[in-house]
Amino acid sequence: MKFGVVVFPGSNCDHDAWYATTQNLGQQAEFLWHHSEDLKGADAIILPGGFSYGDYLRCGAIARFSPIMNAVRRFAQEGGPVMGFCNGFQILCEAGLLPGALLRNAGMKFICRPVELEVGTTNSPFTNALTSGQRLTVPIAHGEGCYQAEESVLDQLEAEDRVAFRYVDNPNGSARSIAGILSAGRNVLGMMPHPERATDPLMGSTDGRLIFDSLISAYALTSK
Amino acid sequence: MSLTLQEVSAHRLTWSEYEKIISLLGREPTFTELGIFGVMWSEHCSYKSSRIHLRKLPSRSKLVLVGPGENAGIIDIGDNVAIAFKIESHNHPSFIEPFQGAATGVGGILRDIFTMGARPIAVMDALRFGKLDNSETGQRNKRIVQGVVSGISHYGNCFGVPTVGGECVFESCYDGNPLVNVFALGVFKHDEIFFGRATGVGNPVIYVGAKTGRDGIHGASMASEEFSEESKDKRPNVQVGDPFMEKLLLEACLEVMKTGAVVGIQDMGAAGLTCSTCEMGSRAGTGVEIDLKYVPQRETGMTPYEIMLSESQERMLLVAEKGREQEVFDVFHKWGLDAAVVGVVTDDGMLRVRNHGEIVAELSNRALADEAPLYDRPYTKPHRTVPMEAPAFASTDLTGDLTRLLASSDVCSKAWIWDQYDWMVRTNTTQGPGSDAAIVRIKETDSSIAMALDGNGRYCYLDPREGAKLIVAECCRNLSTSGALPIAATNNLNFGNPERPEIMAQLVEAIEGIAEACTFFETPITGGNVSLYNETLGEAIYPTPVMGIVGILKTAAPIPMQFAQPDRDIVLLGGLGASDETHFGGTQYAKVILDTLWGLPPQLDMDYEKRVQAAMREIAQAGLAESAHDLSDGGLAVALAEASFRGIGAHVKVETTLRPELALFHEGPSRILVSTASPGQVREIAEKYGVAADVIGKTTVGQLTIGEWVDCSIAQLQRPWKTALEEALH
Amino acid sequence: MTVRVYVFPKATVLDPQGQAVRNALVSQGHQSVAQVRQGKVFDLQLEGVADAAAARAEGEQIAHDVLANPVIESYRVEVLA
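Chains as they are written, first to last, in our numbering: chain B, 1 to 224; chain P, 1 to 730; chain G, 1 to 81.
Please note that the accuracy of each hint is not assured.
Facing chain G, according to a computed beta carbon distance under 10 Å, are these residues of chain P, among others [stated by the list, open to error]:
| # | residue |
| --- | --- |
| 1 | Gln100 |
| 2 | Gly213 |
| 3 | Arg214 |
| 4 | Ser312 |
It is worth saying that the hints were derived from the structure and are not from the lab. Everything numeric in this text was worked out from a predicted model, so none of it was measured. Glycine included, every Cβ here is placed at the ideal spot set by N, Cα and C.
From just these sequences and the hints, can you work out the full model?
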């Protein structure tokens with residue numbers, strides 16, 4: 001399977017995503033420059049973490065205008081799998097591919113540490129290898145990860161079983177402890193935690209692999 | 001035009017230095033030239049008070065590829081891979097504006113690393129602040145702590161380099177003079193090393209990165225007649241850091257280096273354009289001629305003086321091969337950055353600065369960079385005003401003492417700080433903050449790099465020479481405890497006013513102590529930083545040399561600091577050690593429980609220390625240590641408590657004739673706590689090196705018991721340790 | 001009485017936020033944008049102040065002591081109705 005890792009100016013987890021997919025998961029991956037609209041034949045797109053354009057206006061607010069995002073939007077509309085981690089999640093929200101927004105952490109401080117997540121749904125290409133309620137240890141590293149949306153939107157996310165992950169011990173004040181959500185088509189995943197940082201036993205946890213493994217096996221089924 | 005004494009002293013030059021300038025030039029300098037000399041001959045750039053003593057430091061070994069004098073030292077770690085690292089201070093700016101001061105400190109040291117071609121993969125910080133509970137200055141100190149930590153967090157996190165560790169100390173002498181020492185380390189291949197040299201006459205000199213503004217032009221210019229009262233408001237002194245710009249600059253620089261078009265490159269740090277032009281010319285033995293009209297400027301109406309002295313951040317100067325300018329521009333434009341040819345390399349050894357064609361400065365590069373005055377400042381005996389004799393003391397509650405120590409500002413958990421640092425980005429950090437040493441693996445090799453920062457102002461105040469040796473020993477011990485072999489060092493020398501002989505004596509003795517210890521432990525110093533005049537209201541800080549030492553080990557899961565399994569033997573490698581009351585006066589116990597300072601730092605036997613460390617590394621490499629933690633602040637009792645904080649405690653009995661306060665809390669070096677399932681093999685290794693390996697007890701669940709002295713649940717010890725810093729900050 | 005406080009980076013201090021926004025706008029085709037300065041606005045609702053002058057004085061004090069960092073930021077105070 002071939003992953004396309006988007007590189008915005010200021011992306012800084014792009015290499016980590018590349019390393020996780022190629023070295024730890026044995027898949028192919030290519031970097032996709034923000035100025036291009038060419039997805040280079042990728043089977044799945046990763047919007048990596050970092051501080052795209054410095055995150056100076058609002059996190060992800062400027063990245064959504066990049067040419068590559070036109071291509072990503074089309075790819076998602078056609079059902080292609082798109083994952084946004086951390087800053088990538090923020091960009092997906094700003095770009096309208098996912099509902100809601102990420103605000104500053106309730107404690108007003110950047111937080112970097114491994115946290116426990118609970119699997120909200122197994123009904124997605126990213127979570128099919130997990131079990132409902134399963135707990136994963138995956139790091140977070142963000143200053144603006146407090147997920148907020150209107151009550152009706154939150155109700156809808158829950159009614160449609162689109163909450164992919166919840167924090168066991170909510171670190172940032174996210175509404176309903178939401179750590180990651182799916183698009184209506186279930187092919188776009190946005191999450192604040194960094195599964196790419198939990199794919200190598202040396203980094204302390206390999207629980208992040210389960211998310212990639214889900215996608216890889218889902219892809220193997222569809223491409224047969 | 002003749003310059004006045006006032007203008008000269010406003011540039012922090014003495015009249016005799018001014019006369020030296022006139023004799024070098026054969027004429028009076030222009031105002032712009034005076035500004036250039038002022039910065040190049042400043043203590044910060046020229047090391048004029050410390051240089052003759054810095055020469056005593058060892059700087060060579062088989063592994064040193066590049067020693068002092070370049071932007072950072074370079075060490076060979078095998079597999080055709082090298083590391084570049086250095087520590088630098090940003091003390092004064094962090095007091096003026098804590099957030100931006102600390103942020104630009106991180107930015108500056110990162111540029112020192114990537115200007116050499118290395119990609120930064122780790123940052124650490126040694127921080128020292130005034131006390132938070134001081135009734136007069138506590139509130140200000142809290143704001144400084146919060147500002148400095150968020151500044152480091154902001155810059156490092158956004159840039160994408162992990163902040164993997166460091167230290168944080170609170171002491172009254174840092175009131176009004178906090179210390180912010182930032183260490184950075186980068187990695188590259190041997191053939192990717194670049195130098196700050198302007199070689200090749202006729203080659204273009206290219207300015208890249210952020211535009212130049214009036215940032216950081218202070219002191220000197222304020223006294224100048226050119227500025228009127230109302231222009232004061234417009235004159236910002238504080239540099240603002242832009243980590244996003246720096247990230248783009250990093251990627252663009254590493255990419256442009258790969259084109260082969262770059263001959264030399266240097267960052268613009270202190271004294272910006274001035275320092276980079278004359279240092280690059282001086283190192284290459286060439287001249288550099290620039291015209292300021294080509295310098296990208298953020299503001300209008302800047303004078304040549306301002307442009308040359310601006311300390312705007314995130315800028316680099318590079319020399320490219322003639323005819324390949326376009327390749328350089330293409331890369332920088334791809335990353336959305338400015339790049340402009342501002343001048344050319346010449347053969348006459350001069351720094352010639354034009355403004356729209358007119359010469360505004362014409363000086364010899366060597367005069368600026370290498371002929372700064374050198375001072376052999378007089379020194380007497382190191383300043384100290386505390387007694388040798390210990391006060392009378394007798395503890396009535398040793399468990400209570402331990403709890404208070406664990407909750408004290410130096411010993412307590414610093415998680416409040418490092419939770420704000422992204423210490424994992426780049427997925428190399430196998431051992432993060434809060435450990436004896438931080439470890440990052442080097443991808444594409446089997447090697448990892450361990451690193452630690454250590455300082456101890458109290459020890460060095462009592463005895464700068466012995467204190468400095470203890471710091472080197474401890475820093476190496478932190479690495480050895482992780483199984484790493486210490487290979488090289490950098491140092492940050494934070495001292496008071498060198499014009500006071502008793503302060504100069506502290507500096508000289510500390511340098512000689514570092515030299516002796518670094519020679520003995522085979523960790524040459526490849527570079528560093530000297531920060532002098534750290535005083536508030538005439539009161540100097542404690543002499544505070546900070547060591548940053550790096551070590552190498554095979555990549556593997558790290559040995560945890562905390563006990564991992566119950567019912568294992570606890571070995572005190574190195575033995576209980578010795579202390580008397582005189583050598584107890586610099587300890588955390590003396591500071592926290594007795595609130596005083598006296599006597600001498602702990603006694604160090606360097607030969608024994610080295611053997612303990614060698615034994616530890618062998619134990620680690622043989623996989624015999626289930627946990628390992630070195631003894632430092634707070635001695636044995638604190639180390640046992642810290643090792644228990646994963647819930648596995650210890651039941652320990654100490655055979656000693658020492659009085660309990662000393663046995664539990666003395667800070668004698670050369671001691672490491674190891675838990676093991678194979679005590680026999682551990683002892684065998686220890687015997688081979690001729691060092692003690694006392695089995696002092698066994699790991700248990702939930703409780704820490706030390707003889708008759710301490711008996712407490714781990715939860716009760718851990719709670720205050722965990723929450724103390726956050727509570728002190730609110 | 002409502003007092004509005006504008007806080008901006010001083011005119012000559014680097015404003016990385018404003019610069020990034022400006023570059024984004026230019027790349028969106030808004031070529032005319034020469035410079036962007038990004039600041040903050042605070043509306044302070046004051047109770048029990050005597051008059052507009054007192055409100056302004058209070059606002060100035062708050063702006064200087066708390067809302068702005070005088071080292072790098074300047075501020076302006078307006079009394080709204």
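Do the hints match the structure? See the list:
The interface hint given for Gln100 (chain P) is met, as the beta carbon of that residue sits about 7 Å from the closest beta carbon of chain G, less than 10 Å. The beta carbon of Gly213 (chain P) is positioned within 10 Å of a beta carbon in chain G (closest approach about 6 Å), and the interface hint is therefore held. Because the closest C-beta pair between Arg214 (chain P) and chain G is about 5 Å apart, less than 10 Å, the hint holds. Checking Ser312 (chain P) against chain G by beta carbon gives a least distance of about 7 Å; that is within 10 Å, so the hint holds.
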